[in-house]
Amino acid sequence: MSVEQVVFLVLAVAAVGSAVGVVISRNIFYSALLLVACLFIVAGFYVLLEAPFLAAVQVLIYVGAIAVLIIFAIMLTERMMSKTVRGWNEQWWIALIVTVCLVAVMLYVVVTANWQVSDAATPSDAIVALGQTLLSTYVLPFEVASVILLMALIGAIIIAREEEPVGVVGEQKEEER
Amino acid sequence: MDWAETLILLSPQLILVVWALLVLGLDLLVTKAKDSLAYLALAGLAPALGAAVYLLLQRTGQSLLSGMVQVDAYSLYFTVIACLASGLVILASMEYMKARTRYRGEFYGLLLLATLAMTLMAASTNLIMIYLSIEFMSLTSYVLVGYFRDDPKSSEGGLKYFLFGAVTSSLMLYGMSLMYGATGTTDLAEIATNLAAMHATMPPMRWLILPAILFMLAGFSFKMALVPFHQWSPDAYEGAPTPVATLLSVGPKAMGFSILLRVLITAVPLFQFDWVAILMGISLVTMTLGNLTAMRQTNIKRMLAYSSIAQAGYVLVGLVSLVPSSIGIQGVLLYLMAYLFTNAGAFIAVIAFSHVTNSDEIADYAGLVRRAPALAAVMVVFFMSLAGLPPTAGFVGKLLVFGAAVQAGYYYLAIVGVVNSVISVVYYFNVVRQMFFLPPTVEGRLSLPRFPMAAVIICVVLVLLIGLYPQPLIDLVSQSVTLLAVIP
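If you read the sequences in order, they're chains A and B. Residues 32 to 208 (the numbering used here) make up the first sequence, in order. Residues 8 to 495 (the numbering used here) make up the second sequence, in order.
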């Protein structure tokens, strides 16, 4: 076994372990912390696969932004911090059957498939090339993504706005001004 | 291709994005006359629609921006559907939203962004763009469904829609990654050529491509509310502001079909045998389940939600009958246009009614013919069209899709479709019975809102026009599908 394979195995066990921990933990705060760990380990896979940019982005976005957001959301939600929640309900066995079938099919697919493998060496200036592709070939998705972000921002503000009377009452208030 | 031509070909999308930003920006400045923003939004849809119709008549067919989108008669046809749907929805929202929320500027801005998302869905020919545009549409819809934050039903509908959407879109993304892993590209046409090349040299890849197709189907089916990805729709439709439910029932559903057709026919024609079989099963279950559940509803919005699930099943009948001729696909396109005016009309009639009565219960429609004869009359036309009775647009649509099924030799599919249409008459005409043959529980004529009634009249005229003289639309759809030239 090469060093790479050993590192991969260690990372894989840690990733799956923390992911299972997210699901079975009874304290939602522990779940959030385990999720951070899991996402961080995924960044390790990217390093192993010689995709440093992706690893950096993974850490910045998932560990840096999203995980912190989740933890903030838990802390700011009343009585959520210390609450222990049940991780399953009476439908657990249906979910188990579906999951087992799905895992079986996916294992079969992943093991037997002829994956497309590129023989080309990893380019040394991948980040430069990535930036150029993003603004040439992928310029439309890039721009559309920015419109989506704008829309999501506005949407989030609308959902989170201060409660104000709606309906006829709100209408009268507006006319009075 | 030079940039000027690219801009012209993308002008519907560009007009929409600029206009949406304009509406959102002016919303900050305009504090009193918020309703002028609705007129402004309508005024923005007109040039977008005009540009799409102009390009459609030009018979353009161009792949743009490194194959990310394709502007052709097919995508433009769906762009026209998107603009019409959102124009009708804006007309329908004016009085309704005015009485119910203070945040109307953002509402119209978001509606325009939703229209943009739909036009992008129609044009996408790359898995990345398909994913982005579907997410764009979904995110906008979640916000719009939960727009009445203080109404628990609206919030519940938005949340359910969001949770379903999050799961199905991750499934879809997983399917897309499998497809990329198998073929090494995200471009639909390249996927087809790579698959064909691999098919010639390597052992069959059925066990990789089929799961990929199935996972992607999950995402598309969610947008079209096909069984088994339909559970969100009755709750979302019931809780959402009714104009939003109108949009969801005609817009994203039609765009879902546009993407489904484009992906299946352009990217995986090799696996046609498999996906036709899968979709046939989905079609049968969707029609039957939608209809049987619709019968038991007492709330008209929920009834229309289940009925639009069933309608998607009929459209699938046309989709799977794509050999030996393109009649089936033509039927899909025509059906979706007919369904746009029919279902939007029915929903907007419901908006007009609930605006004055604040009720969506079918029982409250009792004696409507005496309280609002015009509304009752047009609702009959819409229900006839939904049930597929002549001389309405729905009849022409059903004739084409079921005719295509017979031509393709899928007799049982056509029979199940017709039987389901007959079943659907029961619950559609239950409302008609309430309106015409039962005494009203409350006396007094209803003073109906002006703009929704205008939209209803536009819809009823077009439903009858398509029903009586469908030839121009048939010519248009036959021209639109020729560019999807992979059909044998």
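If you're looking for bench data, these hints aren't it; they were derived computationally from the structure. The beta-carbon is built from N, C-alpha and C at its ideal position, and this holds for glycine as well. Check before you lean on any hint, since a few could be wrong.
As the list claims (entries may be wrong) - If you want the footprint, here are the derived chain A segments under chain B, 3+ residues with CB under 8 angstroms: (1) 120 to 132; (2) 143 to 157; (3) 161 to 170.
What the hints assert, rightly or not - If the Cβ cut is set under 8 angstroms, some of the chain A residues that face chain B in the computed set are: (4) VAL136; (5) LEU138; (6) TYR139; (7) VAL140; (8) GLY186; (9) ILE189.
To be verified - Computed Cβ-Cβ distance ranges for the label pairs, DEER-style: (10) LEU36(B) <-> VAL78(A): 48 to 54 angstroms; (11) TRP123(A) <-> GLN69(B): 30 to 36 angstroms; (12) GLU121(A) <-> TYR418(B): 41 to 47 angstroms; (13) THR364(B) <-> GLN122(A): 48 to 54 angstroms; (14) PRO398(B) <-> VAL141(A): 54 to 60 angstroms; (15) PRO380(B) <-> ASN120(A): 26 to 32 angstroms.
Where does the structure disagree with the numbered hints, that is, which hint numbers, in rising order?
1, 5, 11, 13 and 15
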